[in-house]
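J.: Sequence:
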Amino acid sequence: MGVVTETVVPVFGNILAAAMLLSPVPAVLRVRQTGKLGDLNPLPYPMTAINCAGWVAYGYAVSNPFIFPANVLGFLAGMVFSFTAFGASPRKTQDLITAMLTLFSGYVIMLGLISCFALDAEAGARMWGTSAVVILMLYYFVPLSTMVTIVRTRNAASIYPPLAVTAILNGTMWSIYGFEVGDINLWLPNLFGSVIGLLQLALRLGYGARPASGAADAAVVGLPREDPEAPGGALKPFEERQHSGTGLLRPGTPPSHFPDIDHAGAVNGSSLNGHRLGPEAGGGAGTRPDVSAISAPITAPALGGLGAR
1 MGVVTETVVP
11 VFGNILAAAM
21 LLSPVPAVLR
31 VRQTGKLGDL
41 NPLPYPMTAI
51 NCAGWVAYGY
61 AVSNPFIFPA
71 NVLGFLAGMV
81 FSFTAFGASP
91 RKTQDLITAM
101 LTLFSGYVIM
111 LGLISCFALD
121 AEAGARMWGT
131 SAVVILMLYY
141 FVPLSTMVTI
151 VRTRNAASIY
161 PPLAVTAILN
171 GTMWSIYGFE
181 VGDINLWLPN
191 LFGSVIGLLQ
201 LALRLGYGAR
211 PASGAADAAV
221 VGLPREDPEA
231 PGGALKPFEE
241 RQHSGTGLLR
251 PGTPPSHFPD
261 IDHAGAVNGS
271 SLNGHRLGPE
281 AGGGAGTRPD
291 VSAISAPITA
301 PALGGLGAR
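Going by the UniProt record's numbering, the first residue of the sequence shown is number 1, and it counts up by one from there.
None of these hints come from the bench; they were simulated from the model.
Where is the CB? At the ideal position from N, CA and C, for every residue including glycine.
Careful, some of the hints might be misleading.
[Said to hold, decoys possible] Here are the in silico distance ranges between beta carbons for each label pair: (1) V195 - G112: 28 to 34 Å; (2) D39 - I114: 37 to 43 Å; (3) G208 - S145: 19 to 25 Å; (4) G106 - A209: 38 to 44 Å.
Just need the whole structure built from these sequences, with the hints factored in.
T.: Listed below in structure tokens is the structure:
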């Protein structure tokens, strides 16, 4: 069992951890393409970078090669995710991301100085291990707070079962490896992570998933919160809802404000995203249409530019 638990298990643990750490890639790419956060909460991204950096530091302290692969990848991915979301975030969120990364940088510098000048190698390893565990426990507060909301609302739609299963397997692998090498800093937090994954899966099976009030249509067309179709949303100018590269109307955005219709193909009687721009909609060339005539929301992505036929 030594070879399996000391080599094979941590290798699979790294693979599972990498899958979890890279799971936000589609959402981050969507933010990069649209320049809008929508329902996305960007604060877990700097926490991912901070958590992984803590484990990389611990890996250096104990010279354990299995700690590095997933955590180095997670740190780099977390930084990329943070910077991508930063540009689309409101000022308050930007300030929070900046504060988190700056304070953590100062914290790591302080621990490094203590480790170099005040502790021996063994005590330094304990310090870095304790620090990594504390940060990971803080990281787990996000799913814990989510589970409280799920119990209160009796709706587990926010839990993604494949990711919960991956978390269970990942925590189990690292717990087995931690027990094998006798490292409480590895098995204790990862065992806790497995328990959280099991609780999430149980909540999903128990409560199921149902769309929140007013969210069904948004789930179909991917409406962000700032869209007027989303609850409490505010209307954004047309120019802010165009894709910077193609000029396409972003899927799920009602055509409330149009520029002067002087594009090729946008003549009287042509259509834009399924809405007629003829006289009945106030769509004469060079005028702004009367949006009161547009009653049906968009339910499919736009397939062409303003001048597409």
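J.: Is 38 to 44 Å a correct range for the gap between the Cβ atoms of G106 and A209?
T.: For G106 and A209 the Cβ distance comes to about 41 Å; the hint holds.
J.: Given the hint of 37 to 43 Å, check if D39 and I114 actually sit that far apart at their C-beta atoms.
T.: holds (41 Å)
J.: Falls inside 19 to 25 Å, the C-beta gap from G208 to S145?
T.: For S145 against G208, whose Cβ atoms are near 20 Å apart, the range 19 to 25 Å holds.
J.: Taking the CB of V195 and the CB of G112, does the distance hold inside 28 to 34 Å?
T.: holds (32 Å)
Violated hints are absent here; each numbered hint is respected by the structure.
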